[in-house]
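From first to last, the protein sequence lines stand for chains A and B. So for the first sequence, UniProt numbering puts the first residue at 1; every next one is plus one. So for the second sequence, UniProt numbering puts the first residue at 1; every next one is plus one.
Take the hints with a grain of salt, since some may be wrong.
[To be verified] In silico BS3-like pairs for lysine-lysine, Cα to Cα no more than 27 Å straight-line:
id, chain 1, residue 1, chain 2, residue 2
1, B, Lys51, B, Lys77
2, A, Lys104, A, Lys414
3, B, Lys141, A, Lys241
4, B, Lys104, B, Lys90
5, A, Lys238, B, Lys77
6, A, Lys271, A, Lys241
7, B, Lys141, B, Lys241
8, B, Lys298, A, Lys238
9, B, Lys241, A, Lys298
10, A, Lys290, B, Lys66
11, A, Lys414, A, Lys393
12, A, Lys298, B, Lys353
13, A, Lys77, A, Lys104
14, B, Lys66, B, Lys353
15, A, Lys53, A, Lys268
16, A, Lys271, B, Lys238
17, A, Lys334, A, Lys310
18, B, Lys43, B, Lys362
19, A, Lys238, B, Lys271
20, B, Lys334, B, Lys310
21, A, Lys250, A, Lys310
22, A, Lys90, A, Lys43
23, B, Lys391, B, Lys353
Hints are computed from structural coordinates only; laboratory data are not their basis.
2 protein chains.
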Amino acid sequence: MASVQQPNAPTPKPSNPTSSIPDTCKVVSAVTIAKSLLAEVAKDLQLLEYKPKLVGLLANEDEHAKTYAEYSAKTCKENGFDFDLRVVSKADIEESILAANTDKNVHGIIVYYPIFPSPRQDQYIQQLVALEKDVEGLSHKYIFNMYQNIRFLDIPMCGQKSILPCTPLAVVKVLEYLQIYNTIMAYGNRLFGKTITVINRSEVVGRPLAALLANDGAKVYSVDLDGVQIFTRGRGIKNDKHEVAETDMKLEDCFPLSDVVVTGVPSKAYKVDVNMLRDGAVCVNFSSDKNFDGPAVKQHASIYVPAIGKVTIAVLLRNLLRLCHNRDMAESYKHMARQARRSMDVCSLHGVKIEAAEAVVKKAIAAGYLNEKSDTLAVEGSPLPAGSKDKTKTDGLMTELETLWSQLPELNIKEQAEKQEELDRLLLALDESFQKEEK
Amino acid sequence: MASVQQPNAPTPKPSNPTSSIPDTCKVVSAVTIAKSLLAEVAKDLQLLEYKPKLVGLLANEDEHAKTYAEYSAKTCKENGFDFDLRVVSKADIEESILAANTDKNVHGIIVYYPIFPSPRQDQYIQQLVALEKDVEGLSHKYIFNMYQNIRFLDIPMCGQKSILPCTPLAVVKVLEYLQIYNTIMAYGNRLFGKTITVINRSEVVGRPLAALLANDGAKVYSVDLDGVQIFTRGRGIKNDKHEVAETDMKLEDCFPLSDVVVTGVPSKAYKVDVNMLRDGAVCVNFSSDKNFDGPAVKQHASIYVPAIGKVTIAVLLRNLLRLCHNRDMAESYKHMARQARRSMDVCSLHGVKIEAAEAVVKKAIAAGYLNEKSDTLAVEGSPLPAGSKDKTKTDGLMTELETLWSQLPELNIKEQAEKQEELDRLLLALDESFQKEEK
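Chain A on its own, in the form it takes in the complex (with noise of 0.2 Å):
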């Protein structure tokens, strides 16, 4: 009953007709995945006036991060991005992290970690990249934005999304491609009513990723070594954001309670005792160690994805994507900003106040596009006294800029471009209206 089927289309013959019943477990692969998230990144990447470009940073001899590098760098190009992987010494890194950051030319930075012994140095490394151009979403910003489920970093504009950490955000992804999210709720969500343990609860994937899937409304119940945790945003999902509760509860109370589990552990003797999965559990693995054995997996579970790297790489070129429309969108807003609040300026000289450009200016100066600038916001507009021609057309003209600004900030960028002429028309017609009938 499931499939949505014409009655006069070829109706499907089962290969068993009395049950039609197939194969109980769907295996779905990275690549498959991948391959969607990548005709989506095609689609946007067409909308570009421009190559994106990716530096990649390689300071260390480890040939993981080598094949990694060189993986990325096939991925950009296949796809229909730039790619220059730059080797450097552990002496330069930072210096070659400043200039990428300054180049206009470069869109994205990736550093191939680890680079130092110390963790610590590699996370101080980790900050130095631009927030504009930090791809893999490592930044403090992005990371504290996630956790606090801020989806925007120009509130209350929301023209740039917060960038979203790859690993944690591939996960995502393959819970949307099988369907987890329900795009019939709400955006936000959509992963109301899922129950979700994920075992690994590292600061890199494991506890982003759980916080990530409560944001989205899921009660995860997030297991390492230590214990279970539960992040939820609480009963009925009445919060903005998750809460962490510690728990009693071990990993064998958490899978009959589970929709979806989801594995990370990185070692090779780790597997899920899969008795102890609620029967049609979704099960994915982000390790690179096989977490689950596969032939017993099948035997219980709905879905089983058993790796998630290729969508890994494809969130990388997402997320540049992002970067890019980001900057698009900051360059944009910045300059609407600025003619909202030339508008004011030419209206206020002649004492009337616009309030359609005014709101745009202080949404602007909190997102961060606008410096404050108190003596125009101070200047207090006043009617025109009633009665002349000029006062007519005066007050036709302001209809037309505060229409117009009332409809810019919903506008995409070229949109915004091409209402460009339309308001120099109007603010020189308005300056010349005006000066007449102060005449």
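Once you have looked at the hints, place chain B on chain A.
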């Protein structure tokens, strides 16, 4: 993270941008779901070369039945179907059904119950409706197939789908719309991993519904006043069809385990205690009484469907289309089967076997499209002596015929009709070629 957004598309501006948390319970109306089903129905209707006609038989003074009859008339007409309401006396109902059964211009029959004081007599009336016109899916054969998870009427040809009873099917369609059916999984297994409580175990809706859902892979708690039964296809859904197990569980034990709660309690007084629901449960009510307190359930559910009546009518039209399709399919398959036998006859007359056609004949006999005819099947063919030019030509034609017969059963009605001419030409040529050889 859940929605797939193009980075360059205008970003949706959440009303509360810090967290973008909308209402946590999505209320979905039957109208919305019915619309999407009726759109499918409209598409399928276009493929038919005639206008299906539904006959409604009203043999009671029941106000509800009258209203329902009027509503079905309205829905039929609005959606491009003919509807003929026949008001008859109780004494004439039997004859009226039999008349409609044999009337070639009638494609579906719906009888409005109750008619007689005894439910047994109404059940007898129900079974009078011809299988191929039973739009409500209440014939014993359909009900049997549903419980047995037999999805076709003409196994092993599998051209005619078995009809499902309207209200249980409407609930299935609701759950499909709500994406509880996961289309990532194989058809027939798409509820694997889902736990569903159905409160109502009537023969008309509750029990068939529990069976349908379990046959599709769910674990179903079927609840009525006598207690709880568990319907499943067993651990790992390894069985072809559901089994029923008794349990000592109480309703309150089922709630916390259930992803979905479906209610059909015919009582104004009955309300589900929403505090017992699993947080984020999906709640669907098919009773004409509201089994959930609206404001209360929205505090706990992720999705709430307050009623399904309009979906049931849409499903009725869908069933009517299926009946039309089955009728056309039967005609086409019968014709094909006769042609296959003719091909065998032509060949066997000359002592040659045509395996693909023979396979079709065997299947058609098993599916009931053709009668056994032992003399034809008993003919043992043998290859012709090789060498002559005529032999080569005959071989070529035989290969063509074999190919055609291996393709024909996979084609849809229209494609089968198109191949008719080719088949006639081939048989004629083959007969001639055989005769030349034999001279």
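Consistency of the hints with the structure:
1. For the given pair, B/Lys51 sits about 11 Å from B/Lys77 by alpha-carbon distance, which is consistent with the 27 Å threshold.
2. The suggested pairing of A/Lys104 with A/Lys414 holds, with an alpha-carbon distance near 21 Å, which does not exceed 27 Å.
3. For the suggested pair B/Lys141 and A/Lys241, the alpha carbons sit about 53 Å apart, so the restraint of at most 27 Å is broken.
4. Between B/Lys104 and B/Lys90 the CA atoms are separated by roughly 24 Å; this keeps the pair inside 27 Å, and the hint holds.
5. For the hint linking A/Lys238 to B/Lys77, the alpha-carbon distance of about 45 Å lies beyond 27 Å, and the restraint is violated.
6. With a CA separation close to 32 Å, the supplied pair A/Lys271 and A/Lys241 exceeds the 27 Å bound.
7. For the suggested pair B/Lys141 and B/Lys241, the alpha carbons sit about 16 Å apart, so the restraint of at most 27 Å is met.
8. Among the hinted pairs, B/Lys298 with A/Lys238 is consistent with the structure: their alpha-carbon atoms are about 11 Å apart, no more than 27 Å.
9. At most 27 Å may separate the alpha-carbon atoms for a hinted pair to count; B/Lys241 and A/Lys298 meet this at roughly 19 Å.
10. The hinted pair formed by A/Lys290 and B/Lys66 fails the criterion: a straight-line CA distance of about 63 Å is larger than 27 Å.
11. For the hint linking A/Lys414 to A/Lys393, the alpha-carbon distance of about 30 Å lies beyond 27 Å, and the restraint is violated.
12. Distance hint between A/Lys298 and B/Lys353 is unfulfilled; the C-alpha atoms sit about 44 Å from each other, more than 27 Å.
13. For the hint linking A/Lys77 to A/Lys104, the alpha-carbon distance of about 20 Å falls within 27 Å, and the restraint holds.
14. Between the alpha carbons of B/Lys66 and B/Lys353 the distance comes to roughly 60 Å, so the proposed pair goes past 27 Å and is violated.
15. Restraint check for A/Lys53 and A/Lys268: the C-alpha separation of about 37 Å exceeds 27 Å, so the hint is violated.
16. With a C-alpha separation of about 23 Å, the suggested pairing of A/Lys271 with B/Lys238 holds against the 27 Å cut-off.
17. Distance restraint check for A/Lys334 and A/Lys310: the Cα-Cα separation of roughly 36 Å exceeds the 27 Å cut-off, and the hinted pair is therefore not satisfied.
18. For the hint linking B/Lys43 to B/Lys362, the alpha-carbon distance of about 35 Å lies beyond 27 Å, and the restraint is violated.
19. Of the pairs offered as hints, the one joining A/Lys238 and B/Lys271 holds, with about 23 Å between alpha carbons and a cut-off of 27 Å not exceeded.
20. For the hint linking B/Lys334 to B/Lys310, the alpha-carbon distance of about 36 Å lies beyond 27 Å, and the restraint is violated.
21. With a CA separation close to 32 Å, the supplied pair A/Lys250 and A/Lys310 exceeds the 27 Å bound.
22. Among the hinted pairs, A/Lys90 with A/Lys43 is inconsistent with the structure: their alpha-carbon atoms are about 38 Å apart, more than 27 Å.
23. Taking the CA atoms of B/Lys391 and B/Lys353, the gap is about 15 Å. The hint holds against a cut of 27 Å.
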